[in-house]
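Engineer: Going down the list, the sequences are from chains B and Z. Under the numbering used here, residues 100 to 664 are what the first sequence spells out, in order. Under the numbering used here, residues 100 to 664 are what the second sequence spells out, in order.
Calculated from the structure, these hints are not laboratory results. Heads up, some of the hints might be wrong.
Straight-line alpha carbon distances no greater than 25 Å define the calculated SDA-like cross-link-like pairs of lysine to any residue that follow [as the list claims (entries may be wrong)]:
| id | chain 1 | residue 1 | chain 2 | residue 2 |
| --- | --- | --- | --- | --- |
| 1 | Z | 611 | B | 169 |
| 2 | Z | 396 | B | 525 |
| 3 | B | 396 | Z | 655 |
| 4 | B | 565 | B | 651 |
| 5 | Z | 565 | Z | 655 |
Okay, here's what each chain looks like letter by letter:
There are 2 protein chains.
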Amino acid sequence: MQQRIVIVGGVAGGASAAAKARRMNDDVEIVMFEKGPYISYGNCGIPYYIGGDIPQREDLFLVTPETFWDRFRIDVRLHHEVLRIDRAQQEVFIQGPDGPFSMSYDRLILATGGVPLRPAIPGISLPGVHSLWTIPDGDAIMEMVQTLPAQAPVVIIGGGFIGLEMAEGLQQRGFSVTVVEKMAQVMPPLDPEIAAFAVQELQHHGVQVLLGDGVASFVETGGTVSGVRLESGRELPAALAIVSIGVRPETSLATAAGLEIGTTDGLSVDPQMRTSDPAIYAAGDMVESVHRCTETKMRIPLAGPANKQGRTAGHNAAVDLLHPPGDHQAFQGVLGTSIVRVFDLALAQTGLSQKTAELLGMDVQVSHTFSADHAGYYPGARTILLKLITERASGRLLGAQAVGASGADKRIDVLATAISAGLTVFDLEQLDLAYAPPFSAAKDPVNIAGMVAANVRRGQYRLLSKDGLQKHPADYSLLDVRSQEEWDAGHIPGAVHIPIDELRNRLADVPKGRPIVIYCAVGQRAYTAYRMLTQQGFSDLYSLSGGWQLWEGILDDPEYEVETH
Amino acid sequence: MQQRIVIVGGVAGGASAAAKARRMNDDVEIVMFEKGPYISYGNCGIPYYIGGDIPQREDLFLVTPETFWDRFRIDVRLHHEVLRIDRAQQEVFIQGPDGPFSMSYDRLILATGGVPLRPAIPGISLPGVHSLWTIPDGDAIMEMVQTLPAQAPVVIIGGGFIGLEMAEGLQQRGFSVTVVEKMAQVMPPLDPEIAAFAVQELQHHGVQVLLGDGVASFVETGGTVSGVRLESGRELPAALAIVSIGVRPETSLATAAGLEIGTTDGLSVDPQMRTSDPAIYAAGDMVESVHRCTETKMRIPLAGPANKQGRTAGHNAAVDLLHPPGDHQAFQGVLGTSIVRVFDLALAQTGLSQKTAELLGMDVQVSHTFSADHAGYYPGARTILLKLITERASGRLLGAQAVGASGADKRIDVLATAISAGLTVFDLEQLDLAYAPPFSAAKDPVNIAGMVAANVRRGQYRLLSKDGLQKHPADYSLLDVRSQEEWDAGHIPGAVHIPIDELRNRLADVPKGRPIVIYCAVGQRAYTAYRMLTQQGFSDLYSLSGGWQLWEGILDDPEYEVETH
Numbered sequence: 100m101q102q103r104i105v106i107v108g109g110v111a112g113g114a115s116a117a118a119k120a121r122r123m124n125d126d127v128e129i130v131m132f133e134k135g136p137y138i139s140y141g142n143c144g145i146p147y148y149i150g151g152d153i154p155q156r157e158d159l160f161l162v163t164p165e166t167f168w169d170r171f172r173i174d175v176r177l178h179h180e181v182l183r184i185d186r187a188q189q190e191v192f193i194q195g196p197d198g199p200f201s202m203s204y205d206r207l208i209l210a211t212g213g214v215p216l217r218p219a220i221p222g223i224s225l226p227g228v229h230s231l232w233t234i235p236d237g238d239a240i241m242e243m244v245q246t247l248p249a250q251a252p253v254v255i256i257g258g259g260f261i262g263l264e265m266a267e268g269l270q271q272r273g274f275s276v277t278v279v280e281k282m283a284q285v286m287p288p289l290d291p292e293i294a295a296f297a298v299q300e301l302q303h304h305g306v307q308v309l310l311g312d313g314v315a316s317f318v319e320t321g322g323t324v325s326g327v328r329l330e331s332g333r334e335l336p337a338a339l340a341i342v343s344i345g346v347r348p349e350t351s352l353a354t355a356a357g358l359e360i361g362t363t364d365g366l367s368v369d370p371q372m373r374t375s376d377p378a379i380y381a382a383g384d385m386v387e388s389v390h391r392c393t394e395t396k397m398r399i400p401l402a403g404p405a406n407k408q409g410r411t412a413g414h415n416a417a418v419d420l421l422h423p424p425g426d427h428q429a430f431q432g433v434l435g436t437s438i439v440r441v442f443d444l445a446l447a448q449t450g451l452s453q454k455t456a457e458l459l460g461m462d463v464q465v466s467h468t469f470s471a472d473h474a475g476y477y478p479g480a481r482t483i484l485l486k487l488i489t490e491r492a493s494g495r496l497l498g499a500q501a502v503g504a505s506g507a508d509k510r511i512d513v514l515a516t517a518i519s520a521g522l523t524v525f526d527l528e529q530l531d532l533a534y535a536p537p538f539s540a541a542k543d544p545v546n547i548a549g550m551v552a553a554n555v556r557r558g559q560y561r562l563l564s565k566d567g568l569q570k571h572p573a574d575y576s577l578l579d580v581r582s583q584e585e586w587d588a589g590h591i592p593g594a595v596h597i598p599i600d601e602l603r604n605r606l607a608d609v610p611k612g613r614p615i616v617i618y619c620a621v622g623q624r625a626y627t628a629y630r631m632l633t634q635q636g637f638s639d640l641y642s643l644s645g646g647w648q649l650w651e652g653i654l655d656d657p658e659y660e661v662e663t664h
Numbered sequence: 100m101q102q103r104i105v106i107v108g109g110v111a112g113g114a115s116a117a118a119k120a121r122r123m124n125d126d127v128e129i130v131m132f133e134k135g136p137y138i139s140y141g142n143c144g145i146p147y148y149i150g151g152d153i154p155q156r157e158d159l160f161l162v163t164p165e166t167f168w169d170r171f172r173i174d175v176r177l178h179h180e181v182l183r184i185d186r187a188q189q190e191v192f193i194q195g196p197d198g199p200f201s202m203s204y205d206r207l208i209l210a211t212g213g214v215p216l217r218p219a220i221p222g223i224s225l226p227g228v229h230s231l232w233t234i235p236d237g238d239a240i241m242e243m244v245q246t247l248p249a250q251a252p253v254v255i256i257g258g259g260f261i262g263l264e265m266a267e268g269l270q271q272r273g274f275s276v277t278v279v280e281k282m283a284q285v286m287p288p289l290d291p292e293i294a295a296f297a298v299q300e301l302q303h304h305g306v307q308v309l310l311g312d313g314v315a316s317f318v319e320t321g322g323t324v325s326g327v328r329l330e331s332g333r334e335l336p337a338a339l340a341i342v343s344i345g346v347r348p349e350t351s352l353a354t355a356a357g358l359e360i361g362t363t364d365g366l367s368v369d370p371q372m373r374t375s376d377p378a379i380y381a382a383g384d385m386v387e388s389v390h391r392c393t394e395t396k397m398r399i400p401l402a403g404p405a406n407k408q409g410r411t412a413g414h415n416a417a418v419d420l421l422h423p424p425g426d427h428q429a430f431q432g433v434l435g436t437s438i439v440r441v442f443d444l445a446l447a448q449t450g451l452s453q454k455t456a457e458l459l460g461m462d463v464q465v466s467h468t469f470s471a472d473h474a475g476y477y478p479g480a481r482t483i484l485l486k487l488i489t490e491r492a493s494g495r496l497l498g499a500q501a502v503g504a505s506g507a508d509k510r511i512d513v514l515a516t517a518i519s520a521g522l523t524v525f526d527l528e529q530l531d532l533a534y535a536p537p538f539s540a541a542k543d544p545v546n547i548a549g550m551v552a553a554n555v556r557r558g559q560y561r562l563l564s565k566d567g568l569q570k571h572p573a574d575y576s577l578l579d580v581r582s583q584e585e586w587d588a589g590h591i592p593g594a595v596h597i598p599i600d601e602l603r604n605r606l607a608d609v610p611k612g613r614p615i616v617i618y619c620a621v622g623q624r625a626y627t628a629y630r631m632l633t634q635q636g637f638s639d640l641y642s643l644s645g646g647w648q649l650w651e652g653i654l655d656d657p658e659y660e661v662e663t664h
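Here chain B stands alone, though its shape is the one from the complex:
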């Protein structure tokens, strides 16, 4: 009798698993059950379809069930919900459009994904209160978008990926958008000083952002939502509300079958993507993954890992059924690398954030550098802010964050690769990256970030964070080494001003008695001043990490000076 692989769920993880399984094993039957009306669609594109960047709804559909059958002999069943797994009998029970039935399996692959969180807030079920996860979710929002009047008030609850992408899209559509975020920052994977640039960019484009406030209830008028009442007591008008506060793993089927659930509430799998039942694999938003830096478990509901996990699960399930069985593949784990576009900015990160590393009790060194995405003398250069999080003892890179209008994605991908490979800041300063004036600088932003972090690690200078200075301002004297014009345009209160090029002749004016925090626009002149003062006998010096620009939240004010950190 022909052996059979049954796959539950047909989007990223399930579709990847199905195609890979077929390529590895042409003899098995492969059946894929999808609860909804579509498989293999680009759900990451839905916010861009709603916002209008993606003009056609059909653009979101990647592969049809017909193609899956013709090309791969994968039997796709839409509108089929798997209700129960009988692990002892290796059988699943399905509710289809024509009634319930059962099917046996030799290998089962679960890819049931995630479900948007919908807390029991009064009024959350009102018409006009939506989540966004699937195509039908998108269709429902799109229908409202096409009927609401211009300037209609829209409230987005949650400032994560989907929340910010929807804020951009709906503001572009001409609505009056407010983002409400319970935490003190948007984009939880980022550290707060980096996430602050997203808030600025949203505000710059007319989006209202309310941080540190949650939803108490949704207000009804005439049977549909008309407003949002916040925990602070504030009330916002809302013709449409979108709840995007996260997703939980859809593990009800797995839980009912007694499969092991991890500490993160995701389904436990081993590196082969095998659950606690050796006949059952799983992939995608429902499983928990291992972080490559910390070996800790975490959930990363993102498309990249889902596809790679699906491919691994599909491969392994398929080779189990070869005669003899083939070798398994292993999924190497996640870094949580991610990126979001917020109007003209990209914000990206990989690996550990500073706050996560500190929560884990790790001793990390952080540094911030601003540098141009390509040679400053070639038109169109835009600034990238890079933050590196490194293990203090070893200099090993643990995490990185980037903000910029151009090229932030490139630097985060380079740094994600560096983290995967265990590179240190000493490696980063010497990476041999591609340079021509339209693409980069002779010292790429990654090199410059590496140089600064390596200089700190070598003891050539010390950095003080904005946060550290803000917490204990009285502990330090401040020395601003920028030009007169820069000083006049704004400076940190209490600072002494000595322009860098006058410093050698004005050593007597350098403040004494307390540790000195030197700053310039981004840290480059401060470094020069630091090195000179050190050698002139000054001690207990710091450079303010990220300088005036990070202090003030100014991204694109590049100094086109020789970069010789």
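Dock chain Z against the given chain B, drawing on the hints supplied.
Structural biologist: Relative to the frame of chain B, chain Z by itself:
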């Protein structure tokens, strides 16, 4: 007495060395001699200034001698040529504008750069025959550009970085440009099938490209150049000729001083950038470097290495003179990573090319993949062609090449990082890179390239190169699995056509008797066909690497199908 560092040459290597030396040692005197009229300028920008992308000449100047003095107390002497080194006395002899003089040094840093090759071709000294390396070179060409009539014929000899950048710039200026290249391809660091895309792009924009032909002589009319006579006998009109056939290291000063010259004719240095004289360091285009993959010596006259080497040399010279001396830094070597923009395309590479690896007798596996720079469903996706060169025995990445209108630079930088870290194709398929629809795909082009290469290495399929098929066409049967429309638009002569979705029902039509080479547009459907046929009992199969698109040289004809290599 104050100790002194003398630096010879004030552009990339010299200027970097000077600034770093000062940061490490505030007590030494630093004197920088520059033969020409400028220091620290963006020479990589000169072609873009001539082409008009960089509007102002002054944009090219990064730091003035005044800034070097005010900020760093670096004594810059323009128009000063160092004529001789007396190593025994640690003294240099200089010809300055006011006559000759000598100066002692405690540490000497040589950064004399390179000199454009000017072979003894009859007429090469005619007015109108130029090289491009320095600002005065650029000024001389710019003067001609501003006086020549529209459509004037320009001949560029040499199809390397500068030649192609100048071809673009001068064509944009409205001249009628011909590139003459002695080799059978442009861009020598690239493999020929990749470099071919640059030729197509040049031709598409109206540049004439003549490969495999050299210059026999320059033709004179009225005292200036009027034409170029080629070795083939062909004669081209030329109101301006630019000779850009490479640079030689400027080592005459070093050679005369008896410093050791390497086998590549570059100055020998150790990883600390120290020459055979421990009091003399060197950096930049004049030195030879160690390739990180092969440990062999090579010369890489590029700005990235020059800056990093200069920084290393400056650091080490400066800490030698501390009391006690500080720790040296080491330069980690080069990958030869580079990129060139040719009109709308970027061509980039890192590490070893296939041809270099084969010349070195290495057993390499190569693969070609075409994939979209970002999600196909998000507007504006453009195709990237990636080539990986890997060590067959280990799967370790040795080199990579990329062509594309968008994002080729990103992928080469990721792959350069991977090579530096010793990553294998198995690591590449699992890199956790940043995905959102405007920036990448759930499987980034680097992941896809890694998947294909890893599948080959695991024995899941075999690739045949275009070259291998062209050399022995009679040895193979060809199977085209594309759609009817694609087949009708063009196919490889002699191929049998069975669309992928009909293949399962038409196994009897698959050609027999000889090894079968399967192809589709880019290799994805061929892989599916290969796997199916293998399991249906067919053996001795190949997939044509890069498929029809590489065969025909078609870059941007993406298939927006699910990418499940």
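Engineer: Does each hint fit the structure? Answer for all of them.
Structural biologist: Hints, one by one, checked against the model:
1. Z:611 with B:169: It holds: about 24 Å lies between the C-alpha atoms, which stays within 25 Å.
2. Z:396 with B:525: The hint holds at about 22 Å.
3. B:396 with Z:655: 41 Å, violated
4. B:565 with B:651: Answer holds: residue 565 (chain B) to residue 651 (chain B) is near 10 Å, not above 25 Å.
5. Z:565 with Z:655: Distance ~18 Å between residue 565 (chain Z) and residue 655 (chain Z) Cα, so the pair holds.
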